[in-house]
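As they're listed, the protein sequences go chains U and R. Heads up, the first sequence is in the working numbering, so the first residue is 1 and it goes up one at a time. Heads up, the second sequence is in the working numbering, so the first residue is 1001 and it goes up one at a time.
The set of hints was computed from the structure by calculation and includes no laboratory data. Treat the hints with care, as some may be off.
[To be verified] Simulated crosslink set (DSBU-like; lysine-lysine; CA at most 35 angstroms straight-line):
(1) U:Lys195 <-> R:Lys1248
(2) R:Lys1209 <-> U:Lys188
(3) R:Lys1196 <-> U:Lys93
(4) R:Lys1096 <-> R:Lys1047
(5) R:Lys1230 <-> R:Lys1010
(6) U:Lys88 <-> R:Lys1196
(7) U:Lys93 <-> R:Lys1126
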Amino acid sequence: MWLIDSSIGRKFIMSITGVFMVLFLLFHSLMNIVVIISPEGYNMICEFLGANWYAVAGTGVLATGFVIHILYALLLTFQNMRARGAVKYALKKSQKEVDWASRNMLVLGAIVLGFLVLHLYNFWYKMQFVELTGLGDVNKAADGAYWVARLFSNWVYCVIYIIWLVALWLHLTHGVWSALQTLGLNNKTWLPRVKVIANIVSTIVILMFMSIPVYYLLGCGA
Amino acid sequence: MEKNINVTLKIWRQAGPKAKGEFVTYKMDNVSTDSSFLEMLDVLNEKLIKQRKEPIAFDHDCREGICGMCSLYINGHPHGMDGETTTCQLHMRRFKDGETITVEPWRSAAFPVIKDLMVDRGAFDKIIQAGGYVSVNTGGVPDGNAIPISKVVADEAMDAASCIGCGACVAACKNGSAMLFVAAKVSQMALLPQGKVEASHRAKVMVAKMDELGFGNCTNTGACEAECPKAISISHIARLNREFLSAKFKD
């Protein structure tokens, strides 16, 4: 199977799952800023998604994409370390043209994953999980605004989420354009343009996410 | 202005492919700043020979930056710290008096060390053998003007064809990936009508051979382009991805 056997096939999987998750983040962040504009509106979205079949199916697809992305990342990194050879350079300097993020995608990904577990505990475990299993406070399961306000009333969580989003932003600044490059949607003229577009997209997504902890950190949500 | 400098060389010495290598330090006094880096190594080798010691093995041939034979990982960069030059085009005027210069061979699982600073880059030849060619009909010479090629396309193909196959891209890549080399070799033909006939077959077999020989997976860091002595653009890698994926989806 060329998707597993060939290097470009494996990269294709990485880029497709990556693009898919970027689209999810775009949707997620758009949804989130509603909590600043109107907590009632935000709860309507939470109610609309909840544990309805389409939201559960979406979560399943998303989780699958995520797992594939991580497994392939580990596989690719392992193969790349082996290809580098047993003896390391005694003196190696990085090139100024090479972004720091591009060399540290695995580390950034691990940071993103670590905080994601916390994030799932903070929200998913108290919302969709409760609706699915009936364990916990079912009345509050769709009250997203309540959970958001409760979590971010603690400034430590605001800071933790901001750090997480910075790591995610760095991951995206390389990931978005890199995915397009791997899919072959690039050429000499478009290379700098694609990079700029990728930076704009990832910055917008992260700013939308970040506006929420910052909003609460400044005390506007209290 | 010519002047003489003293430098300390930290050079990787390895007796053979299986032998254990180590760094050996050599002091070089009164090196002319007008001499090239390889000339400086020649002088060192002559000294070693006079002392009845084994000279340092390193690859070199044309010494004018077009053959792709010279290698060397100098002070943390393939082909030294200057951009768009090969090792043979690097001069001693780029170093300071009293500087320590670290010289290593290309490091990559697919480029095993033969001796000292010399590595086996036969893997590149095997990739070319797999599909880096065009079939040509025998018979009369076709009229050159019968196949119109735009200036833009011709330039792009020529840029790809400027790859000298030195392996600096693999040496610089944190993943030991040969994608820039393969992309250049696929692009130079995929862009031109003569190369279109075997385009999808070529992309498939050259990538398959590259993977088979133990090169890594490209993660688009762009280190290859930054270190390439011919400044081959990673946009060729996008073309290779495109060629490969469309060939696979056609199957």
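Taking the numbered hints from earlier one at a time, note which ones the structure violates and give those numbers from smallest to largest.
-> Structure breaks hints 3 and 6.
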